[in-house]
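Enquirer: Protein chains in written order, with my numbering: chain A, 1 to 340; chain B, 341 to 680; chain C, 681 to 1020; chain D, 1021 to 1360.
Treat the hints with caution; some may be incorrect.
Here are a few chain B residues that face chain A, going by a calculated C-beta distance under 10 Å [to be verified]:
1. Glu388
2. Pro475
3. Gly527
4. Asn530
5. Glu559
6. Phe585
Here are the simulated PhoX-like pairs of lysine-lysine, each with C-alpha atoms no more than 25 Å apart in a straight line [to be verified]:
7. Lys878/C - Lys767/C
8. Lys461/B - Lys427/B
9. Lys1218/D - Lys878/C
10. Lys427/B - Lys538/B
11. Lys432/B - Lys461/B
12. Lys538/B - Lys198/A
Calculated from the structure, these hints are not laboratory results. Don't be surprised by glycine CBs; every beta carbon is placed ideally from N, CA and C.
Listed here are the chains, written in short residue letters.
Number of protein chains: 4
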Amino acid sequence: MIIVMSPEHTDSDVERVVERLGERGYGHHISRGEERTIIGAIGAPDHEKEVVAGQLSVLPGVERVVPILKPYKLISREHNPRPGTVKLGEAKFGAGQVSVIAGPCSVESQEQVLQTARAVKEAGAGVLRGGAYKPRTSPYSFQGLGREGLEFLAGAREETGLPFVTEVMDVRQVELVAETADCLQIGARNMQNYDLLKEAGACGRPVMLKRGLSSTIQEWLEAAEYIAAAGCLDIILCERGIRTFETATRFTLDLSAVAVARRETFLPIVADPSHAVGMSSLVTPMALAAVAAGVDGLMIEVHPRPDTALSDGPQSLTPTAFKELMPQLRAVAEAVGTQM
Amino acid sequence: MIIVMSPEHTDSDVERVVERLGERGYGHHISRGEERTIIGAIGAPDHEKEVVAGQLSVLPGVERVVPILKPYKLISREHNPRPGTVKLGEAKFGAGQVSVIAGPCSVESQEQVLQTARAVKEAGAGVLRGGAYKPRTSPYSFQGLGREGLEFLAGAREETGLPFVTEVMDVRQVELVAETADCLQIGARNMQNYDLLKEAGACGRPVMLKRGLSSTIQEWLEAAEYIAAAGCLDIILCERGIRTFETATRFTLDLSAVAVARRETFLPIVADPSHAVGMSSLVTPMALAAVAAGVDGLMIEVHPRPDTALSDGPQSLTPTAFKELMPQLRAVAEAVGTQM
Amino acid sequence: MIIVMSPEHTDSDVERVVERLGERGYGHHISRGEERTIIGAIGAPDHEKEVVAGQLSVLPGVERVVPILKPYKLISREHNPRPGTVKLGEAKFGAGQVSVIAGPCSVESQEQVLQTARAVKEAGAGVLRGGAYKPRTSPYSFQGLGREGLEFLAGAREETGLPFVTEVMDVRQVELVAETADCLQIGARNMQNYDLLKEAGACGRPVMLKRGLSSTIQEWLEAAEYIAAAGCLDIILCERGIRTFETATRFTLDLSAVAVARRETFLPIVADPSHAVGMSSLVTPMALAAVAAGVDGLMIEVHPRPDTALSDGPQSLTPTAFKELMPQLRAVAEAVGTQM
Amino acid sequence: MIIVMSPEHTDSDVERVVERLGERGYGHHISRGEERTIIGAIGAPDHEKEVVAGQLSVLPGVERVVPILKPYKLISREHNPRPGTVKLGEAKFGAGQVSVIAGPCSVESQEQVLQTARAVKEAGAGVLRGGAYKPRTSPYSFQGLGREGLEFLAGAREETGLPFVTEVMDVRQVELVAETADCLQIGARNMQNYDLLKEAGACGRPVMLKRGLSSTIQEWLEAAEYIAAAGCLDIILCERGIRTFETATRFTLDLSAVAVARRETFLPIVADPSHAVGMSSLVTPMALAAVAAGVDGLMIEVHPRPDTALSDGPQSLTPTAFKELMPQLRAVAEAVGTQM
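Excised from the complex, chain A in its bound form (with noise of 0.2 Å):
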């Protein structure tokens, strides 16, 4: 880290923040230029620059302090630089391996996802997605179906065998759902719930994250760093679309984010391009244009009547237009050189 010195800075100040920066285990570098004095800190034990940080910016002097390293570090590129990759059943997520997860966004009933299961898998999807447990804005929307959720996502797996991802929203659901599930999901709204993190991290299941939908990339990278540090690396990262002014959609789905996620981590990353846009007309040119930047994977809402879904429906396919989509998916991939 680097502690900018104010111009009106004494050399008490400069003392002082070296003598801080001693206490602490760090060495120094003082460069004093024409309008600002400048120290470099070394050497810093990672687990307390933060409050290191914050500390020394509110000694007297001081104008800011730049950190230089990332907040972020099993799950970094720097120090693990092999691409990774996550297995669901037979579905390969990264290392230029594209999958495809595909279902409706609640289970509604066994024939719901029974139904949507055989038309997903037929189309070529690996993964099926169904949510048992909802995250609904209003107390009086449909909360899901719970526990009988996970059994109809059971047998929709045990008859197609299609292995399925399902989110998790309270600590005391993680073990009934790792029990169950192939992976579970931590929803955008629970990104920074961090006993959630920590516990799905130790469920022994694989994790796919979704980004907040105002959080920064560098945040997503730091929740992710709390379920490897809890015991797990079989992460799957999913951009969702992030909150901005345009309100034509939903959400502003952010492709630049996997490019730069990607440069930082060795996590595979995902699109969820239904829920970024909030209306299935998009989803095709958003999916086409995710596969297009390089994920590894695309999570696609599909419910078989989405006039009558129970939630989400506007950005649901249905398995004719799924259907459709596959091949031109395929055929970006191969476009730009991955295998789906």
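Since the structure of chain A is already known, use the hints to place chains B, C and D on it.
Expert: Just chains B, C and D now, with coordinates in the frame of chain A:
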């Protein structure tokens, strides 16, 4: 709700919408303009509105569905026009009374809490704050003292008589925190942690609900509705800054949200300038501005030695600065006709 | 437009609204629901809509006014459903044809422009770009070569046959630029410089309109309507990234805006990934993503020596990198059924 | 500026950076830490900083370049620590004096302006505002009375003695407006219309510069630097709300920007709550908050009949409401130690 038909709609599209409305118990009005046909849905049963709107929006010939009623009820001024108040110990929030909550970001030791509690009480604060469970972006940062932190807060209450509010991050902490604390705080990052909202709402204690850092005012009020629906109407809303493109401050304190929320709900509303701005030098002007904007209370971070704080030192006032601030706050409160 | 009355409205409030509508030539429909009364205005004369809506919204008993029709006409798909094309020299934008505009951010010398023009032409670009008048955040930064820069661009056109597009920042430059350039660019920071829009729309040349960095899609289309109303329908829209809270990239390329704008207007739409991301390493994935999302063209910065560029070097591709990108773009275009 | 080298850099990468710095007249300090090597550039000649930083950032082995000094000079507190004031007629802005600018959004008639000017003067406003040239999102909306509007404003000045500020949108209007008006306003949508900034800065009149709706505080100050570099230091900065995800208000009034800008510059800073919130019922609390936050002035829209206003009626106060607001503003000013 209002259904706007697209310019290309057919008569049978309109019939289908009307039929669907009828099945769900809605009446309707059709208005045919020169460029658009509009269908008004009448007599909507509240709990299904959101689902029905989504389903209608995907029918052929429908351009969009415009909601008319607000998605919250129990907490709305429309259903309960009296100005609400919440009391924590002797401190009253609402109906013209402004109270101040003050204390350190994190509880670090018994001595630190005691020293702060004494100082803020003397300066006129009515409630103590302090975090025992801390949501931190990095897994390597100080995570709070937990149960021991709660005991230190209780110790400070015993000596000074100040009630205290403290954050709860995990459903498994609710029972313990509710046994000890005078008010549970739901943090910004957990504003849409719905299971936590339900548990907090059912625990028998008042709840302070911080606005999520990218939550609209409507989503904030819907989150409060979750707490209300779980049985608790002793809710204090807390504006604490939203995430914007501006990086000179940590967040952007949205004081107009106070006035908007005031129009919508009878719940008392406080502001937390410390977390919003992230720098102690800006806390004073923003605290004064919040009182002028009509808040029912303030939450201000105070630490005896910000340069040794284990979290958020840069935004903490010293006891001396807090003592200087209080009479200024009182003067502004008086100027706008409130009491402090 | 629809007028939603507040719960406390009186009969005379409704009468006043209806009377006011009548004075302005509108018919009306009244729909009385259980919780709200709604008045639909029928037959709105377009040019007064916005003003009347504002005036009605302040009448007693009015809760809010909801607009139904779009605020643009000449450029809308509703009034002109054919897919539009714009031709610059041999390069065609729209109706399934994707063209590429490439060149340096700033024109720096005749040699630099010539060298770049030759390289991008050989790689397959159809149009040259280059800034002679540069909007710079600092008054102390290089401000462009002005008239001489236009001559250098014309020189490169003469040798290579490539038409060129260049930015116009000031109404006083329009005549000169229109004499020389094949297409005038309105930059993001001038998207709501309405006098400039009017002059550019009347100059007889095609206009490329960049989206303002915090403009909604609707505002962008309204800005295009200004150009159209001044007489020009040869407009190319250019998405170039919007400002969000994310700081890892310079802006956030909003590719879903391409699909939304496509639904609303027949005008061709291109993307500028270079300005959006601000780093050359991200230009390739974002350019590929844009083509997959269905753009009608791309604008890409290319500089023979980015490490000596007088502006935006960090986001410029070298001629070699550009040459490698082009066949990948073609492959993606083919995969999604467009031609390049 | 500081150059952070990537972990994989070589010795010759460092040499290349040092050599390049030397060519541009910079000295350097090299600091080799355990995980990063950092090069401090010393003695940067201001006018090339931004360009050099961009060029260095693309050299091999460079991870990023961190600027240390601020990109503005003439307007900075660092170069001119005295608190500045601007006088318009008798009204003084700055150095503890708060003045109020009031009037209609658009000038509509001589009578309307006169009536408003008389009312706001009586209530205590020191400056009249009114738009003769209006930036409107739709080309079909009222565009202002132009030259005639200026005459009506001059007429009101003649009768009441109030100086007036009015917007200039186009470089061709600067001369005419400067002949008539007491202060030129640069609107939010033109904050980065650099040719306009230069012309306004050179016209000999004070300039009020509104913050762009998605401009950072730094960009706002750089825009002011353009005006200063053109010869004018009589600049008033005006915070008028920024664009965020929140849609309940038109924009989000960023009062912390007032405190941040105050730290950076000696220029007086005013707030325009009317445009920020877009609803008259929120203007009062936000105006009070702005004064408490320490502004040097306010700009408030007042219209004799908001329900007939040709623009922005919904956010205009009636003369009566304005008259009620003024003593409250004075009370808050007194409470925070300023004069009004």
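Enquirer: Give a verdict on every hint.
Expert: How the hints compare with the structure:
no.	hint	verdict
1	Glu388	holds, 8 Å
2	Pro475	holds, 6 Å
3	Gly527	holds, 9 Å
4	Asn530	holds, 6 Å
5	Glu559	holds, 6 Å
6	Phe585	holds, 9 Å
7	Lys878/C - Lys767/C	holds, 21 Å
8	Lys461/B - Lys427/B	holds, 17 Å
9	Lys1218/D - Lys878/C	holds, 21 Å
10	Lys427/B - Lys538/B	holds, 21 Å
11	Lys432/B - Lys461/B	holds, 15 Å
12	Lys538/B - Lys198/A	holds, 21 Å
The earlier numbered hints are all upheld by this structure, with none contradicted.
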